[in-house]
Amino acid sequence: MNLNLDFSVVLERWPSLLDGAMVTLQLACIATVAGGAIGILCAIGRRSGPPVVAALCEIYVEGIRNTPLLVQIFLVYFGLASIGLQLSAMTVAALALTINVGAYTTEIVRAGFESINKGQIEAGQGLGLSPAQVYWHVILLPAIERVYPSLTSQFVLLMLASSVTSQISAEELTAVANYIQSDTYRAFETYIVVALIYVVLSLVMRAGFFGIGQLIFPRRRRLGTPL
Amino acid sequence: MSPAPTSATGQDPAVRLSDVHKSFGTNKVLDGVSFDVPRGSVTTIIGRSGSGKSTALRCIDRFERIDRGEITVCGHRVHEPSLDLRALRLDVGIVFQSYNLFPHLTVEENIILAPTAVKKMPKAEARELARRVLAQVGLEEKLHAYPEQLSGGQQQRGAIARSLAMQPKVMLFDEVTSALDPELTGEVLKVIEQLAADGMTMVLVTHEMAFARGIADQVVFMHRGKVHEIGPAAILSSPATQELAQFVGTGL
Ligand SMILES: Nc1ncnc2c1ncn2[C@@H]1O[C@H](COP(=O)(O)OP(=O)(O)O)[C@@H](O)[C@H]1O
Ligand SMILES: [Mg+2]
Chain A
1 MNLNLDFSVV LERWPSLLDG AMVTLQLACI ATVAGGAIGI LCAIGRRSGP PVVAALCEIY
61 VEGIRNTPLL VQIFLVYFGL ASIGLQLSAM TVAALALTIN VGAYTTEIVR AGFESINKGQ
121 IEAGQGLGLS PAQVYWHVIL LPAIERVYPS LTSQFVLLML ASSVTSQISA EELTAVANYI
181 QSDTYRAFET YIVVALIYVV LSLVMRAGFF GIGQLIFPRR RRLGTPL
Chain B
1 MSPAPTSATG QDPAVRLSDV HKSFGTNKVL DGVSFDVPRG SVTTIIGRSG SGKSTALRCI
61 DRFERIDRGE ITVCGHRVHE PSLDLRALRL DVGIVFQSYN LFPHLTVEEN IILAPTAVKK
121 MPKAEARELA RRVLAQVGLE EKLHAYPEQL SGGQQQRGAI ARSLAMQPKV MLFDEVTSAL
181 DPELTGEVLK VIEQLAADGM TMVLVTHEMA FARGIADQVV FMHRGKVHEI GPAAILSSPA
241 TQELAQFVGT GL
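Line by line, the protein sequences give chains A and B.
Under the numbering used here, the first residue of the first sequence is numbered 1, with each subsequent residue one higher.
Under the numbering used here, the first residue of the second sequence is numbered 1, with each subsequent residue one higher.
Keep in mind the hints are simulated off the structure, nothing from the lab.
Remember, it's a predicted structure, so these values are computed and weren't measured experimentally.
Glycine is no exception: its CB is placed at the ideal position from the N, C-alpha and C atoms.
Please note that the accuracy of each hint is not assured.
Below, in silico cross-link-like pairs of lysine-lysine (PhoX-like), each with a Cα-Cα straight-line distance of 25 Å or less [what the hints assert, rightly or not]:
hint, chain 1, residue 1, chain 2, residue 2
1, B, Lys169, B, Lys190
2, A, Lys118, B, Lys119
3, A, Lys118, B, Lys28
In silico negatives: residues of chain B with every beta carbon more than 10 Å from chain A [unchecked claim]:
hint, residue
4, Arg39
5, Ala117
6, Glu128
7, Gln136
8, Glu183
Just chain A, same shape as in the assembly (with noise of 0.2 Å):
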């Protein structure tokens, strides 16, 4: 075995790296919050909307996690495209991370509003709680708390999985690392480095996550323990 291993000419690119790297978190963060949102709005239609709607979000949810994330990219990319709108690869790649995500955050907060038995509800509306203040104070907020450990896995997940959108030269890690492997010839190297990289990340949203956690449920905060 000669392994003969030189990780200075991926090493010299560390800018390209970290542009990359930030253009990743960038992807994350933006589909984590824009696909959290539509996710809870989604798993609220499911649930109390009239039966169009729900039968609209329940559509949305299993076309989304029958089909792979490559072709919904594509999907976005010609389905735009062949409307005749040009918007850029970054533009594209969030949208359908967005689009993605937010299936899989439905699926999750519907398990946490299944998770609130009755007698809850009913506690509510008995003190006189308007439907509104029942769903966010009765509903919502601890389904939320409830199911944030799978949501946040998810969205850590959705990161990794954005490597995908350098299929369409989005111009995040995975896409630098194509290029500085083709041009450096240090393939194995490259993706040494951009595998660390994507730990990190991984790691960097974790922390995130826990820290937001740790802010707004204080009962998280106090007692460490799963609601």
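Given the coordinates of chain A, assemble chain B with the ligands onto it according to the supplied hints.
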């Protein structure tokens, strides 16, 4: 437009059920139920499992809609479509068998939620109120505890305090000790007895016969969706019907 609650003369009962009928599908659960609960009095509803006790109680707070008959609670005409549900729920407090404190909130937050959200009470005032109602149920030291840190009896007392914080005119209790270990029921029953002594109007479904006998101004014995026997607590000692005699005899 909902009609204004009729003016409360001292004579009006706090709760009146007149010929109330309620079915779930083909299952007739309430079959012409009538009784009055005078202001400041305690009515206990007893009867076998499935006789319609919970349903009767839930109809009073409009958790179930009735098919026929009339229910009036503190002037609210509960059976009418124009009912102001929010106003009804402000006047009625209800506590269920499963202590339904909200798990993500502390005891204090559980208590101040409705006064601040529904009555728009300032937070400081609501906190003061929380302290008062918790003292009433002997739970002051658990102000900042989360429900999971409490025993079942403490959670149930917390749920009672949460209800009291809305200063209801009528309290409904549905077998609030049934889910508790026997050694914990006493502390909850004591709280309810104190409420009765303070003059709270109450309707309670209970399986605790000694408790029912001790606290009730009026006992309603339900059997197959009907009020089978009704009267002062003394009817438990000298039942007029065979069914009540049997029920009291088996201690169920
Ligand atoms: N939401 C409901 N849907 C269908 N049937 C119900 C419902 N609630 C109660 N019932 C039925 O009504 C009957 C009386 O129930 P309930 O009022 O809970 O009796 P109790 O409290 O005296 O045990 C039972 O046969 C029960 O199965
Ligand atoms: Mg019952």
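Structure-based check of all given hints:
With a C-alpha separation of about 20 Å, the suggested pairing of Lys169 of chain B with Lys190 of chain B holds against the 25 Å cut-off. Pair hint Lys118 of chain A plus Lys119 of chain B holds up; C-alpha atoms about 24 Å apart against a cutoff of 25 Å. For the hint pairing Lys118 of chain A with Lys28 of chain B, the CA-to-CA distance comes to about 23 Å; that is within 25 Å, so the pair holds. The beta carbon of Arg39 of chain B sits about 21 Å from the closest Cβ of chain A, which is more than 10 Å, so the claim that it is off the interface holds.
Not every beta carbon of chain A lies more than 10 Å from that of Ala117 of chain B, the smallest distance being close to 5 Å; the non-interface claim is violated. The claim that Glu128 of chain B is not at the interface with chain A holds, since no C-beta of that chain comes within 10 Å of its own (minimum 18 Å). Look at Gln136 of chain B: its CB is around 17 Å from the nearest CB on chain A, clear of 10 Å, so calling it non-interface holds up. Interface exclusion of Glu183 of chain B from chain A stands, the closest Cβ pair being 24 Å apart, more than 10 Å.
The structure is inconsistent with hint 5 alone, although it conforms to all the rest.
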